[in-house]
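Asker: Letter by letter, the chains look like this.
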Amino acid sequence: MNVYIPLLTLAGLGMLFALFSVSVTSLTGPKRYNRAKVDAYECGIEPTPQAVGGGRFPVKYYLTAMMFIIFDLEIVFLYPWAVASDQLGLFGLAAIMLFLFNLTVPFVYEWRRGGLEWD
Amino acid sequence: MIILPLVEPPPIELPELDWLLLGPMALVLGAAVVGVMVEAFAPRSSRRTIQLVLTFGSLIGAFVLVVLAAGSGGPVMASAAVIDGPALFLQGGILLVALLAALTMAERHVDPSGDAFAARASAMPGSEDERQFTARGYLQTEVWPLFLFAVGGMMLFPASNDLLTMFVALEIMSLPLYLLAGMARRRRLLSQESALKYFLLGAFSSAFFLYGAALVYGFAGTVNLGGIADAVTAQPQMSGLLLGGIAMIAVGMLFKVAAVPFHSWAPDVYQGAPTPVTGFMAAGVKVAAFGALLRLMYVAFAGSEWDWRPAFWVIAALTFFVGSIVALVQSDIKRMLAYSSIAHAGFLLLGVIAVTPEGLAATMFYLVTYGLATVGAFGVVMLVRDDTGENTAMENWRGLGRTHPWLAGAFALFLLSFAGIPLTAGFIGKFSVFAAAAAAGEGWLVLLAVLASAIAAFFYIRVVVVMFFSDPVGDGPAVAVPSWFTRTAIAFGAAATLVLGIFPQPVLEWAAQADIFIR
Amino acid sequence: MNLTSLQLPLSELPEEPVEALTGTLPAEAAGGYFPYMWLLVALPAFGALVLLVGGKRTNAWGHLLACLLPIGSFVLACLLLAQMMGAPVEDRLVTLEMWDWTFAGMFDVPFALRLDQLSMVFVMLISGVGSLIHIYSIGYMAEDPDRRKFFAYLNLFVAAMLLLVLANNYLLLYVGWEGVGLASYLLIGFWQYKSSAAVAAKKAFVMNRVGDVGLSVAVMLMFVTFGTVTFEQVFAAAPEAGDTALNLIGLALLLAAVGKSAQFPLQAWLLDAMEGPTPVSALIHAATMVTAGVYLIVRSNAIFDLASIAVTAVLAVGIITMVAGAVIACAKDEIKKSLAGSTMSQIGYMFVAAGLGPAGYVFAIFHLLMHGMFKADLFLSAGSVMHGMKDEKNMRFYGALRKVMLVTTIAFICGFLGISGLPPFDSFFSKDDIIKAALGTNWFAGVAAIAAAGLTAFYMTRMLSMTFFGDKRWKEEADPHESPSVMTVPMLLLSVGALFGGLFFVYVGDIVGWLDPITGYQPFVLPINDTVLEIVTLVVVLTGITLAWRQYASRPVPQQPPQQVSVFTTAARNSLYDDAFNEAVFMRPGQYLTRWLVWFDNQVVDGAVRGIASKVSGAGEQVKRLQTGFARSYALLMVGGAVLIGVVFVVARWL
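Chains as they are written, first to last, in my numbering: chain D, 1 to 119; chain E, 1 to 519; chain S, 1 to 655.
Among chain S residues calculated to face chain E with C-beta under 7 Å, some are:
| no. | residue |
| --- | --- |
| 1 | Phe103 |
| 2 | Phe107 |
| 3 | Val224 |
| 4 | Gly641 |
Heads up, simulated EDC-like pairs for lysine to aspartate or glutamate below, C-alpha to C-alpha not over 20 Å straight-line:
| no. | chain 1 | residue 1 | chain 2 | residue 2 |
| --- | --- | --- | --- | --- |
| 5 | S | Lys194 | E | Asp471 |
| 6 | S | Lys475 | S | Glu392 |
| 7 | S | Lys393 | S | Glu477 |
| 8 | S | Lys390 | S | Asp144 |
| 9 | S | Lys202 | E | Glu395 |
| 10 | S | Lys393 | S | Asp333 |
| 11 | S | Lys403 | S | Glu392 |
| 12 | S | Lys202 | E | Asp471 |
| 13 | D | Lys60 | E | Asp129 |
| 14 | S | Lys194 | S | Glu392 |
| 15 | S | Lys194 | S | Glu334 |
| 16 | S | Lys393 | S | Glu334 |
Every beta carbon over 12 Å from chain E, so not counted as near; a handful from chain S, in silico:
| no. | residue |
| --- | --- |
| 17 | Val75 |
| 18 | Arg147 |
| 19 | Ser308 |
| 20 | Ala316 |
| 21 | Ile413 |
| 22 | Val508 |
| 23 | Pro517 |
| 24 | Phe524 |
| 25 | Ser554 |
The hints are simulated quantities; they were obtained by calculation from the structure and are not laboratory data.
No experiment lies behind these values; they were computed from the predicted model shown.
Where a beta carbon is used, it is the ideal one built from N, C-alpha and C, also for glycine.
Take the sequences, apply the hints, and build the full model.
Answerer: In structure tokens form, the structure reads like this:
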């Protein structure tokens with residue numbers, strides 16, 4: 001069980017911090033509402049619940065989000081590979097190239113099928 | 001303050017790649033990737049042809065490779081997966097089932113407006129866009145790469161040798177299926193609804209699996225199945241981590257095989273999904289997930305079988321009874337087949353509970369027979385139609401045996417095989433699994449299963465009665481004339497069901513030789 | 001006349017019951033015709049295949065081929081019989097291995113045929129009576145446009161029935177069992193354009209399924225108990241098995257037998273099955289298929305001998321059906337339905353005999369053989385009458401037919417003599433043996449059997465006099481005439497069997513000694529003198545005949561059935577309310593269960609889809625509603641399941 005003690009401690013600290021910050025701000029902070037403040041996000045698009053088309057988000061946002069995930073994943077694997085690339089040698093290079101190729105395929109697909117055109 | 005120790009990392013061992021053993025999976029997944037590129041670059045008019053060539057070429061090629069590899073085997077990819085006897089047998093089965101399913105998916109003649117999939121899955125149901133796409137005869141050819149990805153995942157699933165690979169395989173298999181389920185050309189809302197349900201609940205069950213894997217890792221310090229087995233044997237005393245882990249992994253797996261009470265998605269999804277996909281899903285997922293479940297329970301958790309067996313008794317009994325009884329009252333053929341597949345999951349669990357080489361061999365044989373008959377049965381369901389698409393209400397199948405004796409005969413054969421009537425493959429399968437469980441000392445459970453299969457026989461027979469002994473309504477059900485794609489699928493399924501029912505010996509022998517998992 | 005005839009062969013038997021022989025001889029070793037015994041099944045199967053696949057091209061000669069093939073089987077059967085009779089007793093059990101179903105470490109089921117004294121008897125009966133009925137059908141079905149299909153189904157039936165009796169294990173027997181069932185449904189529903197025929201086929205199908213479930217359960221139970229399903233191994237292992245297991249297996253086998261042989265409580269389908277063409281009724285629903293249940297029980301004697309509850313159940317079923325069937329036969333006005341009631345009753349006799357244990361098995365088979373001949377004869381004669389009377393089935397519109405259909409009348413009278421138990425004809429030997437064995441073992445069964453013998457004589461005399469004697473009550477369009485010789489010759493051949501079969505099997509072919517190595521035989525002690533008993537039985541039979549003759553031959557028979565009758569008659573006319581019984585005991589509870597399940601299904605499992613499907617047009621909201629609605633409850637169910645698994649884990653660990 002010993003190996004879990006740091007983990008549990010961290011979890012406890014996290015919870016304490018969350019509780020602390022929420023309660024302290026609600027107790028001490030000034031409460032002056034305006035329209036911008038009650039928006040879900042203070043940037044970007046207005047998430048209207050009753051928009052035309054029955055409360056839908058345009059699918060473009062999801063495409064962008066998925067694009068982000070593609071590159072995000074790329075970094076997640078490239079970083080450890082870069083650290084150990086000396087040891088991994090040619091095999092590692094080939095493997096990471098294959099991985100990059102596979103990640104590029106959906107990107108190319110999205111580009112060719114017009115997923116990158118905003119309008 | 002806790003400081004994590006800084007250790008020099010051990011030298012990395014580069015994995016060996018055995019291309020003969022990896023070949024089948026690599027071929028299918030590679031073809032899927034190429035398929036995506038085809039979607040990106042090939043002109044619309046030639047996509048279907050290229051995709052069909054890719055799909056059938058890779059499936060047949062992979063099947064040939066599996067046959068060539070039969071007899072050899074060992075861990076591959078740094079022990080992340082094991083290609084052993086059972087893995088090859090199940091991969092062969094999955095590829096066969098996938099070939100038949102691909103044939104039904106390629107069918108373009110039964111629906112006047114195209115194949116079984118929406119012209120454009122992204123067009124809103126009932127919208128002007130949808131009508132235009134349909135009128136222009138568009139086809140959503142992305143279904144082919146998706147299909148191949150699912151097949152690849154299915155092939156990896158029973159071969160995976162650690163919990164993480166297994167999870168990855170599970171998701172490679174499932175995600176394309178969620179999408180495919182939502183792409184029906186007709187009754188699109190039903191289809192999309194089912195896809196969403198399947199996705200949400202599937203994600204939920206994946207979470208169970210992951211939590212369980214984490215707990216087991218906490219117990220064993222490894223995700224490798226053999227390593228877990230060693231840890232289980234080394235620490236025979238009670239461990240909450242292990243038990244919790246097994247239980248949660250089991251939930252994730254039992255969801256995939258549609259065991260009660262994790263079955264509720266199955267009827268909705270079977271009914272909503274495009275019928276070729278339903279057939280593929282019902283057959284392929286069952287084979288793959290049971291293969292993985294067998295490997296988990298036989299390799300990793302065999303040492304604590306007395307911990308999980310009682311839970312599996314309860315689940316198995318619940319599954320075959322609920323499946324059989326609720327199927328009795330279904331009035332829709334596809335839903336009836338869904339509950340039938342639930343009942344079959346219960347019978348198959350007997351083979352998992354046995355934890356003997358015989359149990360493994362019997363379950364694998366059962367899976368293959370069930371898979372072939374299932375794809376064939378859904379192939380028949382595709383053909384009985386009216387103006388709005390498939391006509392799956394049972395009362396509209398009245399008199400099919402008189403108007404279309406061959407089609408109804410094939411369907412009756414599949415149903416009889418499900419019911420386990422002698423001289424069909426299903427009988428040998430059921431008999432083997434029951435025999436294996438009985439030999440493993442599960443006499444009472446087998447008795448219950450026999451009772452449940454007696455109940456189950458009635459709803460299959462009911463459809464046979466409706467088809468052959470009832471007067472047709474009006475002109476009788478309209479049956480579309482299929483192209484050779486569907487004909488081949490149904491004919492092959494029927495022939496296999498009959499041949500494996502009369503001369504099962506070669507396949508029985510293959511299964512019996514492949515009855516040990518390599519750790 | 002030697003009234004104590006049966007003591008002759010019995011006295012030569014050893015006092016102790018003989019152990020059933022278990023040694024079997026491979027067909028190759030036996031030589032002669034034995035290696036070819038697969039042809040018995042293959043010939044008619046080939047006929048069915050040719051006629052079904054060949055289609056219309058075979059219309060011209062198909063029925064001739066279909067007749068020749070069972071005759072071929074019959075000839076082969078005769079040769080086999082001759083060879084078997086020439087062989088010493090220990091070499092009479094011959095097995096022909098064909099191929100195996102083996103699953104390493106689990107099961108090894110040989111696909112093999114087994115010919116022994118018991119199956120030999122059945123093979124002779126099936127191929128012999130079957131061939132005659134094929135020939136008869138050439139005339140009977142001459143005008144039917146689908147005659148080819150009819151013959152194909154008949155061939156299929158003969159093949160399946162032969163497989164059933166030749167199987168050397170319960171699995172292969174099950175295959176034949178399902179095969180005869182299939183052929184039977186096809187033939188009952190042969191005139192599907194008549195809705196009554198379609199309904200009858202459906203009823204037979206469903207009720208037989210109930211029985212078949214019994215057989216599949218029995219096979220599985222045997223597998224679990226013995227690890228094998230071959231006859232030899234099961235019988236050898238039976239003494240070591242537990243009481244409960246043996247009784248469960250016995251009861252499951254009984255359920256199967258009850259379904260196939262139309263015994264209580266699964267008897268209702270047989271009366272409706274008379275909607276099929278008459279040769280079918282003769283072959284399937286009188287001579288062969290319905291006796292498969294008796295075969296199954298006698299074949300499994302090693303199990304029933306050890307299962308006291310199951311064997312008592314067999315006896316009880318037999319007594320109930322024996323009496324009830326006879327009562328029904330007394331009241332039915334349709335000639336075939338009356339004969340069907342009689343069939344139930346006669347098979348009831350066989351069940352009674354089988355329920356007596358080793359004392360009765362032989363007599364069950366003996367009576368079965370006799371019944372196969374006289375009942376086939378009676379059915380074919382009835383068919384001949386209907387053929388001449390434009391398919392009129394109601395006996396109230398017959399009468400005085402002896403004047404126009406002399407051959408048919410003679411054949412029917414022969415059948416009448418065969419069934420009624422008058423000396424020295426068939427039933428006099430076979431039925432009296434059952435009565436004696438019953439009295440010697442269980443007095444109640446014996447008394448019931450005597451009473452049923454009286455009822456048998458009554459309904460047969462009623463049938464005979466209403467049809468062939470008395471006044472003409474024909475409808476105007478009726479133009480009775482004698483049937484062609486292709487029909488009458490088989491009738492006459494069967495008549496010979498009905499008259500002299502009993503004599504033959506008692507004095508020439510010693511049936512008891514023949515079957516003894518398979519079924520075992522246990523002599524019994526009669527509480528009263530043999531001769532006295534035979535006289536009592538004869539008096540009861542003669543009383544039945546006299547009563548019926550006075551009622552139906554000496555007085556005019558009204559064309560409309562009289563309405564002022566006792567409750568018993570009304571009940572019998574309604575087949576003792578079997579449909580109402582089924583409805584109350586099986587259908588209603590089934591419907592309640594189903595209704596409850598549908599409710600459950602709607603409320604808990606899938607209310608969603610039905611609602612959606614009905615208003616698909618409602619576009620967007622659907623997905624949203626489901627997202628927040630039912631998917632969530634499914635997820636809740638999953639959580640419940642996870643909790644369940646957890647609880648079972650903990651409980652299992654704890655225990």
